[in-house]
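Protein chains in written order, with my numbering: chain A, 4 to 426; chain B, 2 to 164.
I should point out that these hints are in silico values taken from the structure, not numbers from a laboratory.
Everything numeric in this text was worked out from a predicted model, so none of it was measured.
The beta carbon of each residue, even a glycine, is placed where N, CA and C say it ideally should be.
The reader is advised that the hints may include incorrect statements.
[What the hints assert, rightly or not] If you anchor each label on the Cβ, the simulated ranges turn out as follows:
(1) A:SER21 with B:GLY45: 48 to 54 Å
(2) B:LYS111 with A:GLY101: 51 to 57 Å
(3) B:THR43 with A:ASN295: 54 to 60 Å
(4) B:GLU108 with A:GLU99: 48 to 54 Å
(5) A:LEU238 with B:GLY100: 43 to 49 Å
(6) A:CYS102 with B:GLY53: 47 to 53 Å
[Said to hold, decoys possible] Cross-link-like lysine to aspartate or glutamate pairs, in silico, EDC-like; alpha carbons within 16 Å at most:
(7) B:LYS157 with A:GLU80
(8) B:LYS24 with A:ASP75
(9) B:LYS24 with A:GLU80
(10) A:LYS77 with B:ASP30
[Said to hold, decoys possible] Quick partial rundown of chain B residues pointing at chain A, CB under 10 Å, derived from the structure:
(11) SER28
(12) CYS64
(13) LEU155
(14) MET156
(15) TRP158
Chain by chain, the residues run as shown.
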Amino acid sequence: MGYTITEKILMAHTDRKSISPGDLVDCKVDLCLGNDITAPIAISEFEKAGAGKVFDNKKIALVPDHFSPAKDIKSAEQLKVLREFAKKHSIKYYYEIGCMGIEHALLPEEGLTVPGDLIIGADSHTCTYGAVGAFSTGVGSTDLAAVFIRGRIWFKVPESIKFIYTGKLNKWVGGKDLILYTIGDIGVDGALYKAMEFTGDAIERLPMDDRFAMCNMAIEAGGKNGIIGADDTTLKYVKETTKKSKKKWKIYKSDKDAQYCEVKEYDVSKLEPMVSLPPLPSNAKPVSQVKNVKIDQSVIGSCTNGRISDLRMAAKVLKGKKVHKDVRCIIFPATQAVYLQAMDEGLLEIFVRSGCAVSTPTCGPCLGGHMGILAAGERSIATTNRNFTGRMGHLKSEVYLSNPAVAAASAIKGKIAHPEEVI
Amino acid sequence: MILKGKTWKFGNDINTDEIIPAKYLVSVDPKVLGENCMDGITPGFSKKIAFGNIIVGGKNFGCGSSREHAPLAIKGCGISCVIADSFARIFYRNSINIGLPIFECPEAAKSIEEGDEVEVDASTGLIRNLTKNKKYQAKPMPAFMQELIGAGGLMKWVVKKNG
Numbered sequence: 004m005g006y007t008i009t010e011k012i013l014m015a016h017t018d019r020k021s022i023s024p025g026d027l028v029d030c031k032v033d034l035c036l037g038n039d040i041t042a043p044i045a046i047s048e049f050e051k052a053g054a055g056k057v058f059d060n061k062k063i064a065l066v067p068d069h070f071s072p073a074k075d076i077k078s079a080e081q082l083k084v085l086r087e088f089a090k091k092h093s094i095k096y097y098y099e100i101g102c103m104g105i106e107h108a109l110l111p112e113e114g115l116t117v118p119g120d121l122i123i124g125a126d127s128h129t130c131t132y133g134a135v136g137a138f139s140t141g142v143g144s145t146d147l148a149a150v151f152i153r154g155r156i157w158f159k160v161p162e163s164i165k166f167i168y169t170g171k172l173n174k175w176v177g178g179k180d181l182i183l184y185t186i187g188d189i190g191v192d193g194a195l196y197k198a199m200e201f202t203g204d205a206i207e208r209l210p211m212d213d214r215f216a217m218c219n220m221a222i223e224a225g226g227k228n229g230i231i232g233a234d235d236t237t238l239k240y241v242k243e244t245t246k247k248s249k250k251k252w253k254i255y256k257s258d259k260d261a262q263y264c265e266v267k268e269y270d271v272s273k274l275e276p277m278v279s280l281p282p283l284p285s286n287a288k289p290v291s292q293v294k295n296v297k298i299d300q301s302v303i304g305s306c307t308n309g310r311i312s313d314l315r316m317a318a319k320v321l322k323g324k325k326v327h328k329d330v331r332c333i334i335f336p337a338t339q340a341v342y343l344q345a346m347d348e349g350l351l352e353i354f355v356r357s358g359c360a361v362s363t364p365t366c367g368p369c370l371g372g373h374m375g376i377l378a379a380g381e382r383s384i385a386t387t388n389r390n391f392t393g394r395m396g397h398l399k400s401e402v403y404l405s406n407p408a409v410a411a412a413s414a415i416k417g418k419i420a421h422p423e424e425v426i
Numbered sequence: 002m003i004l005k006g007k008t009w010k011f012g013n014d015i016n017t018d019e020i021i022p023a024k025y026l027v028s029v030d031p032k033v034l035g036e037n038c039m040d041g042i043t044p045g046f047s048k049k050i051a052f053g054n055i056i057v058g059g060k061n062f063g064c065g066s067s068r069e070h071a072p073l074a075i076k077g078c079g080i081s082c083v084i085a086d087s088f089a090r091i092f093y094r095n096s097i098n099i100g101l102p103i104f105e106c107p108e109a110a111k112s113i114e115e116g117d118e119v120e121v122d123a124s125t126g127l128i129r130n131l132t133k134n135k136k137y138q139a140k141p142m143p144a145f146m147q148e149l150i151g152a153g154g155l156m157k158w159v160v161k162k163n164g
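Next comes chain B alone, as it looks inside the complex (with noise of 0.2 Å):
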């Protein structure tokens, strides 16, 4: 699966707080949360973007509350995927559960400017900035999680594995 879009970039430490903060946990709805993403450090974000433009984060991607609300909101609102220096452990978890294609990249991170065209390649986690011209190497996915998510996400892989 090739994804590929505009980037926004973001700093280090975004916290779920600031990708949907907690009023909107009212809803479990991925439209209503994606019409809110970001809205506690960018407002308006989900109105700024186009589906299929990717997320550019710096460390610890993702900290704070274990909710899931966080990666519905960004995959609710048409983000591609999310490139990052690190992320923090729960988000990391949920976006895989959730099915939103994260990529783990410093190189990237740190290269990509915000407003960069990007095609990341999903199965092989080579990320290409087609304005730079440059590419950049994600790490690779654990095997048991790249099953996972070929299974379609956590919960297809626990009713396939139940039988």
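Next up, chain A with everything else stripped away, as it sits in the complex (with noise of 0.2 Å):
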């Protein structure tokens, strides 16, 4: 019986010879990360256990990216715990602001996140290096404490399901699209517990950045990891981002003969962009269904899709035309590597002249912590993750998620647009 590509990367970081679903393991771990608000708890689990030292301060990185730049005295003594530990400890992958970006579009820009690897990290979205064919998963802090000391974490192993998409998508269409329609296809617990491979010539063809949007939001759907093959994409991507890092990797593939609990099969051409309504990113519909619905804010940004080729396609919407007047839009390159190519390419200068503000990379707005936080009745679209009630601020206002064009093509028009609306 052949083995899916989680199955191998769980196995290769064990002793065993054969590996099953179901199978607890403990498993060595490569990569772990913590930010400034799950970090400081284990930070004092740690302290607590007595332990001395960390096991490798090399596998180690601390990304203080939640309410940074503090936003008030209580996160900045959140973030004094971060910075002291790793000076402490001399964890070596730690960012302060000015080198800081958004942990899960830093770590695969830095060559952290190699192929093959096995990576944990405290924050649910450390899913999204499965898009360079890494096993990566969210875990809580006390979990993470537990690998600052044993380099070692327990885990079941998954069940996998395969997404095979065919076919050529439509302009303004990316893997937000193809992710938030999956969701609405299996709902936010259909892939509880379980590995999501995505496959298919559609895949194939997607470039980086789209199967990091991807593979970001396989926990939106309850799934353990979201994972795509390696391939020539893949390894183009990595040659590129290791020569600072150094790091090596191995690639792993799925046994044609792989057992998976559930294979689903979406003839992706005639997709159009996505918007997932309130409360759930579940609740997806072709943005052409989503009428007359105004908005007060427009976030572009987020470790779904501040990437580079995010902050393309909002510029080429939003080039030459005004955001609304009755509406904010701000946008958050994910890193500052990003920020430095989106300045040489002159997209920073057509947001802030289209009437956008441009911000520092954070987490900030995405999770409801800060810059641009909503008022009662009021109403986001978000190239973020999450929907949810009260996720952006207020119990009573409201985010819909969607791809960048679309967040674009909605601060011009003041509602939920497609970009074509504009263009």
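Dock chain one against chain two, each of which comes alone in its own frame, and use the hints as you go.
Quick look at the structure:
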């Protein structure tokens, strides 16, 4: 019997010769991650356990991205905890403001997430790195503290669902639309505890940034991990990003006779840009069916859609146009490198001239932290990943999820719109 | 260990933003988090409940963010355990790791109504609805997870294992 890519990577990180879904396995960790919200609890647990030193200070990444730059005194204290721990233990991959980016965009860009690695992070969107063909999943702070000490973590080997996407994508349709459509089909617990393996010719043609957006939202279907087997697109990407990190990788592919608990096939050639209505990512509809929904804010960025191709897509729509007078459009390049490139390409100028505000990288508005909180009765379209009740602010505010082109078009129209309506 | 208390019912897909909104994530103190438990869905929840009360959820309880502040808030406000149809996986791990007893039992999640008095035998997973005079059996925890709970949580298990 063959194995899936997820099973192969998990097995390679144990001493076992065979593995089956449902097995509990203790795995070696190649990289673990914490941020300014989750790491303080992990650090406190690490210290309470009386652990003197971390398992490997070159396999820990600490990214102060959530309430950073500090939004108030309490968050400043949490950021300080992270900073001091990083100094004390000489954590190699700690990123201070100025180098810091949104963790799930930053670590791949730094060449720290490579094919075949096993990565955990105390952040639910850690599943993003499946896009490079790694096994990667989110855990809580105490799990992270245990990894700080042991360098290992237990997992239940998940069953895998295979998703096959076929057909050429329409203009303005990308990875974000594929994943919103998928979650709309299977529901927010449709892949609970399971691995989501994305395949098919549409995935083979999909650029890396779109693959990151897809794997990023596996958690929104309850998935343990999202994964795309490494191919030429992946290799080109990791060859470039690992020039600095010097990390080595190993490619795993699912066997032809691998076992899947379910196979889903989607012809995506007629797919429109998708919008997920509040309060769940599974309330996905084609944008043409979302009519007369006025917005107060448009947020373009996040670990889902804050990469350079996302900004290019938004700029293409916004170029030479003005943001609607009743809309605040805030753009968050995900990392400093994305910011610089957007500057070099003239995208930042397009944004500012069209009336958008451009921010330093932060998770701020996505989780209702800071930098774009909604008041009661307000509504935002956002390229983020969650539209739960009150996610971006007041319990009586609303979030609609979309890709960057739809968010940009909506900012211009003042209501949710297809990019073709403004081009 | 027997857990006994009045129940509070919630629906499907209760997410961690509802359990503890991000604005409270500037604290890691279970007491502070507990005071704001369920603020994203039932403001004032911590003032309504009594120590030892039980939360009953539907499918996919605890979905969303990995914030461990969610089970910490539930434990911190005095809830003795959570019974649900199913749990989101990070919430499940976090609850075991911090010592919040959770029980997966679709039958109980469906049958129990808000206000019912319920008694749970944490060692066997037997749930008794004292109001309705019914019994439900929760799915047993895998032996390894029972070992974690027996050790007093993940960190105590790690310390023991590392000698």
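Evaluated hints:
| no. | hint | in the structure |
| --- | --- | --- |
| 1 | A:SER21 with B:GLY45: 48 to 54 Å | 53 Å, holds |
| 2 | B:LYS111 with A:GLY101: 51 to 57 Å | 53 Å, holds |
| 3 | B:THR43 with A:ASN295: 54 to 60 Å | 32 Å, violated |
| 4 | B:GLU108 with A:GLU99: 48 to 54 Å | 52 Å, holds |
| 5 | A:LEU238 with B:GLY100: 43 to 49 Å | 45 Å, holds |
| 6 | A:CYS102 with B:GLY53: 47 to 53 Å | 48 Å, holds |
| 7 | B:LYS157 with A:GLU80 | 27 Å, violated |
| 8 | B:LYS24 with A:ASP75 | 11 Å, holds |
| 9 | B:LYS24 with A:GLU80 | 15 Å, holds |
| 10 | A:LYS77 with B:ASP30 | 12 Å, holds |
| 11 | SER28 | 7 Å, holds |
| 12 | CYS64 | 6 Å, holds |
| 13 | LEU155 | 5 Å, holds |
| 14 | MET156 | 5 Å, holds |
| 15 | TRP158 | 8 Å, holds |
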